[in-house]
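Undergrad: Single-letter residue listing:
Number of protein chains: 4
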Amino acid sequence: IPENYVQQAAQALSVRENKIRILLEQRRLPDEGWDETTIEVLLQQLSLMDSNNFPGNCGAGEREARISSELVARRHFRMGHGIGRSGDINEVQPKAAGSSLMSKLTNSLVLQVLREAGAPSTASAFVVPMATGMSLVLCLLTLRHRRKGAKYVIWPRIDQKSCFKCMLTAGFEPVIVQNKLYEDELRTDIEALEKSIEELKAENIVCVLTTTSCFAPRTPDRLEEVAKLCKQYNIPHLVNNAYGVQSSKCMHLIQEASKIGRLDAYVQSSDKNFMVPVGGSIIAGFDKNLIEEIGKTYPGRASAAPSVDMFITLLDLGKQGFQKLLQQRKHRFNHLKQELTKIAEKHGERLLDTRHNPISLGITLSSFHGLEGKSLTQIGSMLFTRCISGAR
Amino acid sequence: IPENYVQQAAQALSVRENKIRILLEQRRLPDEGWDETTIEVLLQQLSLMDSNNFPGNCGAGEREARISSELVARRHFRMGHGIGRSGDINEVQPKAAGSSLMSKLTNSLVLQVLREAGAPSTASAFVVPMATGMSLVLCLLTLRHRRKGAKYVIWPRIDQKSCFKCMLTAGFEPVIVQNKLYEDELRTDIEALEKSIEELKAENIVCVLTTTSCFAPRTPDRLEEVAKLCKQYNIPHLVNNAYGVQSSKCMHLIQEASKIGRLDAYVQSSDKNFMVPVGGSIIAGFDKNLIEEIGKTYPGRASAAPSVDMFITLLDLGKQGFQKLLQQRKHRFNHLKQELTKIAEKHGERLLDTRHNPISLGITLSSFHGLEGKSLTQIGSMLFTRCISGAR
Amino acid sequence: IPENYVQQAAQALSVRENKIRILLEQRRLPDEGWDETTIEVLLQQLSLMDSNNFPGNCGAGEREARISSELVARRHFRMGHGIGRSGDINEVQPKAAGSSLMSKLTNSLVLQVLREAGAPSTASAFVVPMATGMSLVLCLLTLRHRRKGAKYVIWPRIDQKSCFKCMLTAGFEPVIVQNKLYEDELRTDIEALEKSIEELKAENIVCVLTTTSCFAPRTPDRLEEVAKLCKQYNIPHLVNNAYGVQSSKCMHLIQEASKIGRLDAYVQSSDKNFMVPVGGSIIAGFDKNLIEEIGKTYPGRASAAPSVDMFITLLDLGKQGFQKLLQQRKHRFNHLKQELTKIAEKHGERLLDTRHNPISLGITLSSFHGLEGKSLTQIGSMLFTRCISGAR
Amino acid sequence: IPENYVQQAAQALSVRENKIRILLEQRRLPDEGWDETTIEVLLQQLSLMDSNNFPGNCGAGEREARISSELVARRHFRMGHGIGRSGDINEVQPKAAGSSLMSKLTNSLVLQVLREAGAPSTASAFVVPMATGMSLVLCLLTLRHRRKGAKYVIWPRIDQKSCFKCMLTAGFEPVIVQNKLYEDELRTDIEALEKSIEELKAENIVCVLTTTSCFAPRTPDRLEEVAKLCKQYNIPHLVNNAYGVQSSKCMHLIQEASKIGRLDAYVQSSDKNFMVPVGGSIIAGFDKNLIEEIGKTYPGRASAAPSVDMFITLLDLGKQGFQKLLQQRKHRFNHLKQELTKIAEKHGERLLDTRHNPISLGITLSSFHGLEGKSLTQIGSMLFTRCISGAR
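Protein chains in written order, with this note's numbering: chain A, 235 to 626; chain B, 235 to 626; chain C, 235 to 626; chain D, 235 to 626.
By construction, these hints were calculated from the structure, which means they are not laboratory data. There's no promise every hint is true.
When chains are identical, the list treats them as one kind, so a pair holds in a single copy or across two.
[Claimed, not checked] Derived pair list, reagent style DSBU-like, types lysine-lysine, alpha-carbon separation capped at 35 angstroms: (1) Lys462 / Lys580; (2) Lys382 / Lys253; (3) Lys564 / Lys382; (4) Lys530 / Lys608; (5) Lys483 / Lys465; (6) Lys465 / Lys382; (7) Lys608 / Lys465; (8) Lys580 / Lys522; (9) Lys429 / Lys462; (10) Lys576 / Lys395; (11) Lys608 / Lys522.
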């Protein structure tokens, strides 16, 4: 092969190697998304750094990451060790330098994304291979050690089962604060919340658990005011930000609340915000120590799959790709709003005015007034069979 | 294409379709392992049954399983909904009939495998997308609801960090029962255990947490005797069977204990027993209600990845393949024993006589007597750099 | 799994099955492109119809399509038999009903595409797993049997090595007809061509070999006038349509020539027109018998890879996708023309007026006048190192 | 990530990089087969060296290797340029340094394999992306240029359609030399062959085309004696070695014939000898110039797929893997012989004594004596429907 051809090819190779090198050095999301091949090359390199892929490796124990099925091995890029160690889900595994590096990198990228999405003061973040509900449990279990004897979680009501259940699973008693109707919107009743705190006594309260992303006519909780109270009464404040990263409003709420008052940690779904399969979430917060403590509360190693999915997706999107997604969402939300307004009018209904909810829209169903519950749920079913999913 | 060629081809196709039909009908592990294509065909069929893969689907909500990266989509066979619902990790998702079916099938196969591996009375089992440690936490959190006020977990000592940590994470107080030396072996001190129960009082005890698979010179706990005590004192009995499915002895211990006394649930790692990547475990037990309750304690949906890995691996192995793995392990263990005996003798050491431990072997290091800890750990490091991993 | 969920999923499955059924029945390109999963499902079904994938198959001969490497097997969807039989590249293989069906379908789709691209009278077409040059050789070798004793191929000059070589390889003597300069354009010299025919005598001429797609300032040959002569003198007319399917003008030339005069077969590259890897071409024509005879001239079986690539690509694009590509090309060509005009002016050069060439553009390099050849070729090299490839 | 972990991982990485480096330097088949990941890493590196995968590449011509379908791109490792240039199928493409390097490496490995399989004097070899029949055509077309005016190919009869057809396709007249029955075997009739030569005159003969691998009771041609005659009369000698690489006997015949007499080139199937999908063959010979000339006779670029398949398969097998395949074949052939002897006896038939055929076995069907042809072919059909393919 003539020298000059090879030189040009070598130059092309080095452009990719540079991308990888810069990622490893800076641990920052590239501006432009990577192509699939570069991502695969990096994953293969990382995979080869895990001991189960060492040439000549001879495992004789229970932690050897042997993979029986070729199909399974391939879909995990031959990484088998998962992430974390007994002591800490964020610790490095000696047997799995590649997987560990992948996990560390992913957490760095995720932290950057959260900061740029609207919460620049975020101090620490990591991907947990458990969905939002179970990750909230992990946060609550961590708080238990800091709040010996406390047993109540104050919770502005949101009609979402797993959110309620996570308090029960963690072994606490939810104290429900009903929302208040402001015209069309259901918003946090700050007075009732403060009353609850005073009645139960701060030292008996594990934390206040608020919610950002939710279905209209409920709106994101009034985080700033809640945070002020939490600071005043010295109570931890945990935020369920399930699908809030996609909305700059939700992220700003979190950022502002952390400035004005107290906001310890916020948890978001990886699938809902980053378009990966269900299975992971991101625990983030403004106090590095607390976030580390949560990581150390997780016993044993854990699945690397959600981290790998996030890693690939973030590199594939790049900063620009992710920002484009955010813009598209905003644009489409406005489009949906316009069109739903028209449809509502056409049928003698009206779109609810829920301006504090940047994610969800509600519509009156007054013409169905008088119908039994069953007939009402049939509307949802009719939408579903017409391939429109996501309506409530 | 001539008719007779097509007929023969159609017959070949129907053989595969029959395999799939029989699996769906009987929900039993096939005797012979399937080839990769048949497994992929089934996974694709299942994937197409999920609403995110419906033709014409138009998702407008937060649960639409849109997958951003093609690479991620492919490695998950385009399944994005995960498993479970808010209320129950084992519940069926209307939006994801295929993923749900996959999960149900996997749990059926896993139950069958556990029964055939030596615990035929097992009533129920399911794959959890969390490794053993976190799954033990889930079991403990479930028991909390049944044992209001109880706060102790009685635990025959085992030097494994995540096991100890799971009790702390669940918010309980571990009560350590030291093991007793019988010649070379460290075995459960049943008398000390009973003494603990009496001192703490049964009603204050969440459960006894025993361990089967462990490193020599410790041996599997004396499950039968512990189970008798648990029955007598009416205390739940939870077993950490981390890598015990591969050993018929460990499984028989569990089966016998459940007959003679009380054994509520046992938990095992999917990676250690079934050679899939780290990330899942199997919770099984003899009381269907308890196992269901544990499933219902998990809040929200969860990653399908560990179930898919198990599903593929079990179909790939078939009953015969899995049994062959078990036989190989036994055979190799004996081979290792023989060869280690020779090596030990050669160096003036001796293999410990730990006949109650069917999984692990110990060797004396008397010639290193007097060396500091650091020098001792260097032996492990020397093995590791020689590509022998798994030694302690 | 509840009945109604399964029903909806089954409906989704049936939509895909319908797509596949309709394709098999109608053998026509779907309007809308298929998603990757549906394509893969079909390929897997076809693959399972090949005898090497029959369950229980036991091959003992030299034609068993055993594939040694898993990686190779996967990339060919486990199809190993290739296409064709000893007697005919388009014949059905009893051992490979699936591969044969795939090949037949591909040829049907390709025929449809050629017709819709501008040559509706095309009677027959098939994919050959050889690039354009070697496929022209095959056509010439077929013509030899019809033109015993003839040894000349009349060929309006085009500066493309493999085109010239294909006549030599087939064992014929090329008779070059120089083009004529009409203002900026180099066009077929019809008079000179007719003179050649008369000099050599029709019975000594294997065929006239014309070219459509070519680099400016040459323009596509004047097919209609050549075809008239071929009809008049009763000489076969073969067209090298290498990258002409993408241009409706080239296709119309072919169609019109076949109406007005004689045009036996036209050959085009699969990679240049359909964006698949190099390796295949399509032989098409207006006389079904001749095209079949060409297929029968190919001795032995042949690679299925180019057919599979075409099959996937056409299903992926659908009719709409392919038409969109054609429109884009036209649009971009005009854009390039505009911008090159500006650049030429800026540098005191001028874009050649080559209106009969719908594919390629030329620019004067008068300011380089006086430079040696080597310095001129450096311009190409400079473009190449600036990542602009495709310039001549 | 701690330094020492990374060091060990880096060492593991370098073992693989060394494998790749050694391959590139020595261009020799590794003794031990490579694992899939190392092969994929190398293919990706090569692919990134092709200009269509250069970052920032902007193709504007007809040779840009743009690939429309992702599925197609992936299965070709994003290599789209094929191999060769207009002038020579073995020439390096400036736009495709990676593909070119892959092709060169494959040819080196293949040459080594042929030499070690029994023909150590082989001077040159290359993979052609056409099956054996069409590759023989290419050889014959090349010989035409060396044998102006010659039109006969002398051909000891073998009942295989594509073999006969390749002479016709190349435009020559086959002169069939009937075989002679020696007891059970049909062997080359050397006297009749010499008589043919004398009758036709050497200068009118393009070549003698012999065959090694064939079905019993025919045996491989008596290459040594034919080669002697070819030398004596100065006639090219071409060998159809379709599936003969797997038999050391066939390869030794070729080697010996080339020593004793004249043997110009031998052609073998890639699928039959190396277990890749149908589509390629290997042209090899003892005269480097002739082999190069054959490569130069191929007009235009060609599919890289058969080379890639061979490349992967040879690296996957390694020298040891390939030799093991050869031994297995021998072993299984003997086993088949034994068992067929028993079956023949059981049914009052007898295995033919065809000791000169190391590949194929024949059995008498005397009890079917008197049956029409149709009934006889039904035996084959019965075997086929019982999943035994490969019988004639």
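Undergrad: Could you run down the list of hints and mark each one as holding or not?
TA: Hint check:
no.	hint	verdict
1	Lys462 / Lys580	neither (44 angstroms within a copy, 65 angstroms between copies)
2	Lys382 / Lys253	neither (48 angstroms within a copy, 56 angstroms between copies)
3	Lys564 / Lys382	neither (43 angstroms within a copy, 48 angstroms between copies)
4	Lys530 / Lys608	between (47 angstroms within a copy, 25 angstroms between copies)
5	Lys483 / Lys465	within (22 angstroms within a copy, 56 angstroms between copies)
6	Lys465 / Lys382	both (19 angstroms within a copy, 32 angstroms between copies)
7	Lys608 / Lys465	neither (45 angstroms within a copy, 47 angstroms between copies)
8	Lys580 / Lys522	neither (53 angstroms within a copy, 53 angstroms between copies)
9	Lys429 / Lys462	within (14 angstroms within a copy, 51 angstroms between copies)
10	Lys576 / Lys395	within (32 angstroms within a copy, 61 angstroms between copies)
11	Lys608 / Lys522	between (49 angstroms within a copy, 32 angstroms between copies)
Going down the numbered hints, you'll see the structure goes against 1, 2, 3, 7, 8, while the others check out.
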